[in-house]
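These protein sequences, in sequence, are chains A and B. Under this note's numbering, the first sequence has 23 at position 23, and the numbering climbs by one with no breaks. Under this note's numbering, the second sequence has 30 at position 30, and the numbering climbs by one with no breaks.
You may find that some hints are simply not true.
[To be verified] Here are the simulated distance ranges between beta carbons:
(1) A:Glu3 <-> B:Glu121: 15 to 25 Å
(2) B:Asn122 <-> A:Ile8: 33 to 43 Å
(3) A:Leu48 <-> B:Asp57: 14 to 24 Å
(4) A:Leu58 <-> B:Asp18: 23 to 33 Å
(5) B:Lys25 <-> A:Lys44: 41 to 51 Å
(6) A:Leu58 <-> B:Lys65: 42 to 52 Å
Hint data in this document are derived by calculation from the structure and do not stem from the laboratory. As the structure is a computational prediction, the values presented were derived from the model and not from experiment. We put the CB at the ideal spot given by N, CA and C, even for glycine.
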Amino acid sequence: MTENKININRKELSSKKIREQENFEGIVNKHQKLTKRPAYKQKKYYFLLFLILLIVFLVYYSDKTEKSNANQTKIEELN
Amino acid sequence: MAFNLFNKRIKNVKSEKDLIDLAKKDSRYFAPIYKKYHEPIYRFIYQRMDSQEDASDITSQVFLKALINLPKYKSMGYPFSSWLYKIALNEVNQFYRTNSKNRTVNVQENQLKDVIEEVGENYNEEKMQKLLKSLTKLKEYKLDLIEMRFFEKRSFKEIAQILNITENNAKVKTYRVLDEVRKLM
């Protein structure tokens with residue numbers, strides 16, 4: 001069985017010395033690292049996804065209208 | 001701009017409860033709570049530690065755990081400090097279990113005198129040595145009770161809140177430990 005260690009009359013720490021050890025920023029940073037939402041759950045991820053889809057749609061649409069315009073001019077030329 | 005708005009908002013917050021509610025959504029609002037309780041929590045931990053480094057690490061761990069678990073915190077009519085002390089006590093006990101170190105007790109001579117008188121004995125050098133020897137043999141939770149009641153002079157109500165037991169139970173348990181100390185002496 002382990003025995004407890006007893007220290008008698010140890011000098012108390014001053015408030016100033018304890019205040020020096022405050023580190024709220026460090027705790028908040030650690031907390032943010034631990035609780036940060038995964039990339040796929042972040043708003044910026046959805047915004048990026050929206051932008052990509054928009055670009056894909058625009059490229060597809062412009063390609064389609066270009067083709068139909070080309071077909072139209074071909075028909076007009078044949079007529 | 002955002003910082004000014006934050007400062008303005010924090011000044012308008014009147015009660016600790018409001019601050020806790022805000023801190024549940026934004027950890028920056030936890031700063032005034034941290035400032036208020038850092039010293040008492042640090043002292044509570046250092047009282048049970050050998051080194052300042054360990055006390056400092058555990059104090060940070062306590063506030064980190066408090067921040068993580070803050071969304072789950074519900075005020076049950078107990079002061080917020082009791083919740084922090086409960087986390088601190090768990091962290092201290094966890095520290096000794098994982099490091100398999102001997103538990104440290106820091107005590108002043110006059111506090112030992114109080115325990116000897118409570119046990120119903122007269123204070124002298126021999127009794128003090130016997131008390132010290134009996135304190136070295138006490139188990140973790142028994143030591144917690146003696147420390148909180150006689151060394152830190154906490155009320156039974158406060159002890160009960162920290163240990164999550166009833167006030168009556170805290171009283172009964174403390175006097176049982178005192179009985180054990182008396183026998184060991």
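Hints and how they fare:
1. A:Glu3 <-> B:Glu121: 15 to 25 Å: Given a distance of about 22 Å, which is inside 15 to 25 Å, the answer is holds.
2. B:Asn122 <-> A:Ile8: 33 to 43 Å: Since the Cβ atoms of Asn122 of chain B and Ile8 of chain A sit about 19 Å apart, the hinted range of 33 to 43 Å is violated.
3. A:Leu48 <-> B:Asp57: 14 to 24 Å: violated, 39 Å
4. A:Leu58 <-> B:Asp18: 23 to 33 Å: At 48 Å between Cβs, range violated.
5. B:Lys25 <-> A:Lys44: 41 to 51 Å: violated, 20 Å
6. A:Leu58 <-> B:Lys65: 42 to 52 Å: At 49 Å between Cβs, range holds.
Of the numbered hints stated above, those contradicted by the structure are hints 2, 3, 4 and 5, listed in ascending order.
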